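Undergrad: Given chain S's structure and the hints, the job is docking chains U, P and B onto it.
Chains as they are written, first to last, in our numbering: chain S, 1 to 331; chain U, 332 to 995; chain P, 996 to 1142; chain B, 1143 to 1273.
Note that these hints are calculated values from the structure, not bench results. Possibly wrong hints are sitting among the right ones.
Below, a list of computed lysine-lysine pairs in the DSBU-like style, where the Cα atoms sit at most 35 Å apart [stated by the list, open to error]: (1) S:K68 x U:K955; (2) S:K75 x S:K101; (3) U:K949 x S:K165; (4) P:K1127 x U:K995; (5) P:K1125 x U:K437; (6) P:K1114 x U:K733; (7) U:K588 x U:K629; (8) P:K1114 x B:K1165; (9) U:K530 x U:K561; (10) S:K72 x U:K955; (11) U:K681 x U:K565; (12) S:K227 x U:K939; (13) U:K834 x B:K1165; (14) B:K1209 x U:K805; (15) P:K1114 x B:K1228; (16) U:K738 x P:K1114; (17) U:K681 x U:K502; (18) B:K1209 x U:K731; (19) B:K1165 x U:K437; (20) B:K1147 x U:K815; (21) U:K564 x U:K834; (22) S:K30 x S:K159.
Quantities reported herein were computed from a predicted structural model and do not represent experimental measurements.
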Amino acid sequence: MQTITRDILLEKAASLLASGTVNRVLGWKKGEFIYDVTPAVFTNAEDMYRHFTFDCFCGANFSKYLIKETQKEGKVLVFLKPCDSYSFNQLLTEHRFDREKVYAVGIPCDGMMDASTVKALAPEGLTGAERNGDALILHTLYDGDVTVSYADHLPDRCKHCKSKKVVAYDEMLGENGEVTDAGRFDEVAALEAMTEDERFAFWQNELSRCIRCNACRDVCPACTCEKCVFDNPGSGVENKAISDRFEEKLFHVIRAFHVAGRCTDCGECSRVCPQNIPLHLLNRKFIYDIDRNYGDYMAGAEEGSRAPLVNYQIADPEAGEVVSGAGGDKV
Amino acid sequence: MQRIGVFVCWCGSNIAATVDVHAVAEAARHEPGVVFSTDYQYMCSQAGQNMIIEAVKEHHLTGLVICSCSPRMHEATFRKTAANAGINPYMVEIANIREQCSWVHKDMAAGTEKAIILAKAAIAKVHLNTALTPGESKVTKRALVIGGGIAGIQTALDIAEAGFPVDIVEKEPTIGGKMAQLDKTFPTLDCAACILTPKMVDAAQNENIRIISYAQVEEVGGFVGNFHVKIRKKARFVNEDVCTGCGLCTEKCPQKKVPNAFNLNMDNHRAIYIPFAQAVPKVAVIDPNYCTMLKTGKCGVCAKVCTAGAIDYKQQDQIIEEEYGAIVAATGYNPISVEKFDEFAYSQSKDVITSLEFERLTNAAGPTAGKLLRPSDGEHPHTIVFVQCVGSRCAANAAKGKEYCSKICCMYTAKHAMLVRDKYPDTDVYVFYIDVRTPGKNFDEFYRRAVEEYGVHYIKGMVGKITPENGKLKVQGSDLIADKQLHIDADLVVLAAAIEPDKSARPLATMLTASMDTNDFFTEAHPKLRPVESPTAGIFLSGTCQGPKDIPETVSQASAAAAKVIGLLSKNTLKGNPCVAQSDEWMCNGCSSCANVCPYGAITYENKEFRMPDRSTKVRRIAKVNPAVCQGCGACTVACPSGAMDLNGFKNNQIMAEVDAICK
Amino acid sequence: MQVNENNEFRPKIVAFCCNWCSYAGADLAGNNRLAYPADIKIIRVPCSCRVNPMFILRAFQRGADGVILCGCHPGDCHYTSGNYYTRRRMAMLFSMLNYLGIEKERTRVEWVSAAEGAKFAATMQDFAEKVKALGPNKRLEDLRCKQ
Amino acid sequence: MEQNKMASLNTQILRMSGVNPRKCMRCGKCSGTCPAYDEMEYHPHQFVHMVETGDIASLLQSESIYKCLSCFACVERCPRGVEPAKLIEAIRSLKTRPVGQNHITPDEIPALLDEDLPQQAIVSALRKYMK
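So that you can see chain S by itself, here it is in the shape it has in the complex (with noise of 0.2 Å):
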């Protein structure tokens, strides 16, 4: 596989400028930290060759963007990785923004890496860190150079990364990837062979940490309301302050409720969660759940499907089969 560098976009990007295919472009920023890169729109050259950036910590998905970008005036380029583009997909399945405003072009990608697993490795006087074929290499203060595998350490969505491909692009960059599908239901699974007090506390344990900064909502491709249920005053479910116990639950089980069927599985939730909540097995499940009582679905594989939440089938199961089905049984 080609790999994608700084250089090879920025010099893509420069000439979409130049010839003014697009006025702007979509692209990351470094920020404070090594492992803090922040999406940012350049709209000259000059702004991009001193802060435009790319490596193995850009793993923000760009699609959502481009609902405000697109309301702007002219063209914009986008990067998508194979994951953002499910994501683009859906959201033109949905109506969310205008294609002609977008100049997209595909990158290939095999995973990129989390704040928080970097953060682990080196907790203290990190200085930074750069991937050099397999490996990861991190630059410390106090352990000078740490080398350690890069593919071993990625996040779980890329471990259990559902697709290399890059499903909708006006220009692709270096190859395209194969859709695959690493085992991501094997957590979920792990957690339906459990007992209901075990899983009960398992998520009482993990959701309980939630602080309620909405940042898995923020970030969501698929949270794109106008005005969200929970900030809506009129929805009577609005409610941002935080409790111990059902209060999260409720939030959680009705976001990932909201998206299921359209959730592209990005992974993003879990990546932004100050809290580190496996957010992901939430929407898995659901994934789960459909791919196995109404078949095979992967939201933004197709411009234009319909989401099964808002299909059916005459012959579907039953609501008491499918929980059962899932492990429900368990005694």
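TA: Chains U, P and B only, in chain S's frame:
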């Protein structure tokens, strides 16, 4: 803040016996917003309603909670009362403390406690009620009748008589249906053709009626008052406007081996044919499966002999699109296939026939010109056995029979038996029956005449087995009265096959969004009180598509359906159900989830420019609900992730208020 | 937690019933005087597909011990297809709740026609007994809502 | 006492056969179909009726229960799915089981066969005497 009045009904002792109505009224009094609370023996009575009206005036009430029987019973009543009192009818909520409380709980304490909670839930909901006004839609003053049998003809005639245009869509080349195939009719024994064909002619000549024969409904859109229907008129390869019905072509066509469906394939007609002499429209039709010209391009005899020049081998199917205010289903019935009953040997012997085949055999216009002859050898049968309930009342095997009673068989079998004995007194006639069911005017008298005057042998019992042997049919059956097993050597056996709805009914019901029962009969809106309407507004039911019926019943239902249609078409506008979905354009994402689940296609999208708080403008795609089309199911409200879609009368916050009140 | 005079636990159960089939079925149970526990409180909705998962979670949050959703039998929906959507939605929601460790007996979908008064009463009896056997719902209740 | 015993026998028959005689609509098709009708004192439809009304004593006395060929034509053709032959079989088993020894085993069959014996009779004999 609403000013709420609570009215607790005793319903005599129906509620008061298990619910302490005073306690309910008292508890309600202390709920926020409740300014008046009382109880009364019969709230739905005139006095009770007056009490409500007085209270509204005296206490300036803005919302009413009636704790009474089911809203399915009296919601409409109390909404009218509210309107009479000068408040919006949708400011009323009913707490069902009879069917769902006093009648199902025996303990007074538990019943009272639950009634109070139900009252509180209704109070919580009415706090959030808003005045609703039904939308209005125009009514297209034209009706569509699907099916041109006696039911469809009668319905169409009655609607046309009232001055409304009506189209009959008939899938066969002629109207007339099953009745046209019958010989005589019970209990008067007048000939079916003599009473049916004048009606067919009436229909053809009525200027308000258009007969679209050899056609089928292909697509139905719209809603009550405003249906849009696509009809496919099949090519008959004969120009209907030019053909004079002289019939010369049907005699000259060289292709003679086409099974005659009108005579139940007991004889043949040509590839170009007129189904029967009195067909309406009396126009020839070419069967493309047999016509040599259409199959090979070589022949053209009919075109040569047709002096009118009506033959058109290039004719194509034609699509007719029309708007209708009301649609009547009159799709009729068919006898079930009796081949599956091996014991009756229908497929083994030509001399085992169904009752409808028997009708054709005795009909003067039938394959034997009315002489009763055995199909196998054309001989006169001397012993005839009639078997009743073949496939009717058969609960054991749904693949074979029907659980219901087909209703008409007892009477037509008595008719057949009587006619045979009348014409051929030398014939022995046996009827095996389980029960003889003859409710109906002059029906039992008719059956008794068959026994007493005509000497038909009625045998209480069922035939177990029929074996064709040496040109005879060995019939083995039980005689339960004599406690004997009978063995009869019969020449002809007639099976009274169960009847089932026409196969076209199920796809039609899907197009009409009309419901059906498990037997594929159309469901009526209410089994007793609304028997000629489908639950889907604007769809009416005529004849056997709703359930087994004889001719007099079919005709009365046909006229009843016509009366309902006339009632609908005589209105200029219709008031809709105001409890429809509504989208908040500020919250709508335009994602199309709602339109995906809407069964009525009531939701469309538009791009709208919004002025944002920062004075910028933004164009967004938003959903619009057509209130005339929306039926208020609420599927869209749950599909909508942002909560932009809500349902009037059952708003999210109203239902949650009820939930909160119940779980308090 | 609610108890009766024998200090026995009395569950709070919310039953959502569609107007055309199940609510009518509940009325029929009443007409035929078929008793079921008073712990069941019915909320009328036009169609089972009107029931938003939020309502169900709200009920649990406010102290319900069980929630049952009743609609027309598949194929019989007054609105043609509403209950098919209900079936998928509730299958997903209830499976998720069970995944979070909520006892699966606390949630149920049941198809009850307008003619099935006896089935309605029997279903409610059975559901109430199962929920009662589980005891009070602790796992989904938001304690702050208690007064 | 006697009455109680009969009632419990009746329950036993219903349980063993799985038949609900109340489904019978008295059409008589079973008796109309029965090839052994003339051999019987009580006929298939009467079996059903007698079990329904609890008149077990007469049935147990009657030779009719051995006349049933177990051809199952009545079961096949009954429009209500009553299955009279299963009922008769249950009554027969009720009588033969306590006796114990008059069973037949597959090994004994060859000796009992003669050439004219129809295949169906062998099969039904097995059905009747194996239990």
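Undergrad: If you test the structure against every hint from before, which numbers come out violated?
TA: none
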